[in-house]
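Dock chains B and C against chain A, hints included.
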Amino acid sequence: MKNSFFNSFVPKQPNFFCLLKQLADILSEAADVLTESVEQGKPEERETYYRRVKEVERKGDMVTHQVLDELETTFITPLDREDINALASGIDDVIDCVNSCAKRINIYNPRVLGDSARELCHFIQQEAACICKAVEELNVFRKNPARLRGLCVELHDLENQADDVYEFFIRRLFEEEKDSIELIKIKEIMQELERTTDAAEHVGKILKNLIVKYV
Amino acid sequence: MKNSFFNSFVPKQPNFFCLLKQLADILSEAADVLTESVEQGKPEERETYYRRVKEVERKGDMVTHQVLDELETTFITPLDREDINALASGIDDVIDCVNSCAKRINIYNPRVLGDSARELCHFIQQEAACICKAVEELNVFRKNPARLRGLCVELHDLENQADDVYEFFIRRLFEEEKDSIELIKIKEIMQELERTTDAAEHVGKILKNLIVKYV
Amino acid sequence: MKNSFFNSFVPKQPNFFCLLKQLADILSEAADVLTESVEQGKPEERETYYRRVKEVERKGDMVTHQVLDELETTFITPLDREDINALASGIDDVIDCVNSCAKRINIYNPRVLGDSARELCHFIQQEAACICKAVEELNVFRKNPARLRGLCVELHDLENQADDVYEFFIRRLFEEEKDSIELIKIKEIMQELERTTDAAEHVGKILKNLIVKYV
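Protein chains in written order, with my numbering: chain A, 29 to 243; chain B, 29 to 243; chain C, 29 to 243.
Since the hints were made in silico from the structure, they are not lab data.
Hints are not guaranteed to be accurate.
Unchecked claim - Capping the alpha-carbon separation at 25 Å, the derived lysine-lysine pairs in BS3-like fashion look like this:
(1) B:206 x C:215
(2) A:215 x B:206
(3) B:70 x B:206
(4) B:49 x B:87
(5) B:236 x B:171
(6) C:87 x A:241
(7) A:82 x B:215
One chain only, chain A, in its complex shape (with noise of 0.2 Å):
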């Protein structure tokens, strides 16, 4: 840094690190908005709420756009390419999940959801918290890999526990709920929560391999 002349002579690198945050930020804007828009959004709000969601998402499209060109032009890497790329599909996937579950509350607009559905989110929002935690790893787990294992069995987690509260919930569901119409939404809605909780854990099997791969 000290020799600007010859600074002035070396690419600029992109730094993957850093974007992978900027999309783990993404992730969690996304999982924010989407919590809020269960918890507090009443019906004829949902319209807006969705196109919220999609604005976020249209960032975190143009985030990973970014990692794959840069992959593409970039000669010395701070991970494998495939790796890289990996994380990024992954987190990009999760934003997806997010996406489509505003556009089905949207779109399908059932009276009411339920408890279980903010609890869904709250699991979204906490594996959002801990890919945002694990990209900030990136750098160090080489060494101290401990923190980044820990998150991935978070993530582990995180994921059982939503299963659990989905299962218990469609069980009930399908015993109680007579309106086929409204069952029909509720179900769609609730599959893609957790389907999207999922998605979250996929990142953290991703981010596992990075561990077995370089530690």
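Using the frame of chain A, we list chains B and C on its own:
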């Protein structure tokens, strides 16, 4: 080509771009049969239409396998192996989706399929036409990427428009359709049509990556 | 093996074919428990059956991770890394599908599961048996690919037959079942059973690619 003595020793190169064009044409054919079935098909003809789409899909499978087989045994390829593989698999996925739409129309057998189903079919046809033009650009895009880039934008726009049609339709369907079994049938078919437009846009993303990588 | 002094310096090689056989056996076990639950399980036993399948699925997860971990740290592998990875992931996907079937049977909890569900389970069992035989061929197929080729054809045929059973059943279900909530339950379970037969055929495609590549 002049030296036929020399040429007799050169192994015949499979023409990958030609095979990809064949595959794109098969996609177009499948989209045409699907659209015809939705536009003109009476309920009692749905099985016949499904059989026709299925035959087209099998042709697609054969060409896709030919591409993958030739990739394994060919030394020099005009694009990286993984890129040709991604393109062939991507187009094959769209054909599979079209087949799955025809299958659902046949086995769910709804009373009517409205204007929105027709509109989604038209989007699929237009996307198929874009993909045909795009694979024709593959041997020139390194020198002149403008046309390929334009087709990627077009695929993206078509998918966005299809999304809007789908979302507007589903929202109304859930408000207006009181026969829950009929609602399930139509929802499942429309979801698959929309998934097909997504799969076509995914081919657009693969094409866009080629521009980033090779231009 | 004779020179035990020398051997003591040679790192122990993981036996990938042995691990893949373990994984295929776990798939067979999962398919057996699922079939038993559909054939003999009373509704009140469904949760117990689901727990049993889930346990088997976790064993599968552990073996799959072992394969992936060993791939990262082993220098010489009997097939290309990506091929072993694809096979293990492919078999693991089938196990996940079986688990998902058991889960849906448990949480949707339909009044009855008819003959077609039983038939699809038998197809899954037969496909699992094919996959077991196929992985036993992995260390000989380069010299004698006939048996592996035959098993790929068998997997393809089984999936086609399962498709026919599924399509015929769903068409009739939508014509005859008037209780829409019961219809949703059964449709969702049958869809997952059919998806499982697809996932098994996908393993057949991976095996077929091995023949093209290595023979």
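Against the structure, the hints come out as follows:
1. Restraint check: the Cα-Cα separation between residue 206 of chain B and residue 215 of chain C comes to about 20 Å, which is no more than 25 Å; the hinted pair holds.
2. For the suggested pair residue 215 of chain A and residue 206 of chain B, the alpha carbons sit about 18 Å apart, so the restraint of at most 25 Å is met.
3. This hinted pair checks out: residue 70 of chain B and residue 206 of chain B have alpha carbons roughly 23 Å apart, not beyond 25 Å.
4. Proximity of residue 49 of chain B to residue 87 of chain B is assessed by CA-CA distance (about 13 Å); at most 25 Å being required, the pair is judged to hold.
5. With a CA separation close to 15 Å, the supplied pair residue 236 of chain B and residue 171 of chain B stays within the 25 Å bound.
6. A distance of roughly 22 Å separates the Cα atoms of residue 87 of chain C and residue 241 of chain A; the hinted pair therefore holds under the 25 Å criterion.
7. With a C-alpha separation of about 22 Å, the suggested pairing of residue 82 of chain A with residue 215 of chain B holds against the 25 Å cut-off.
Going through the hint list in order, the structure satisfies each hint without exception.
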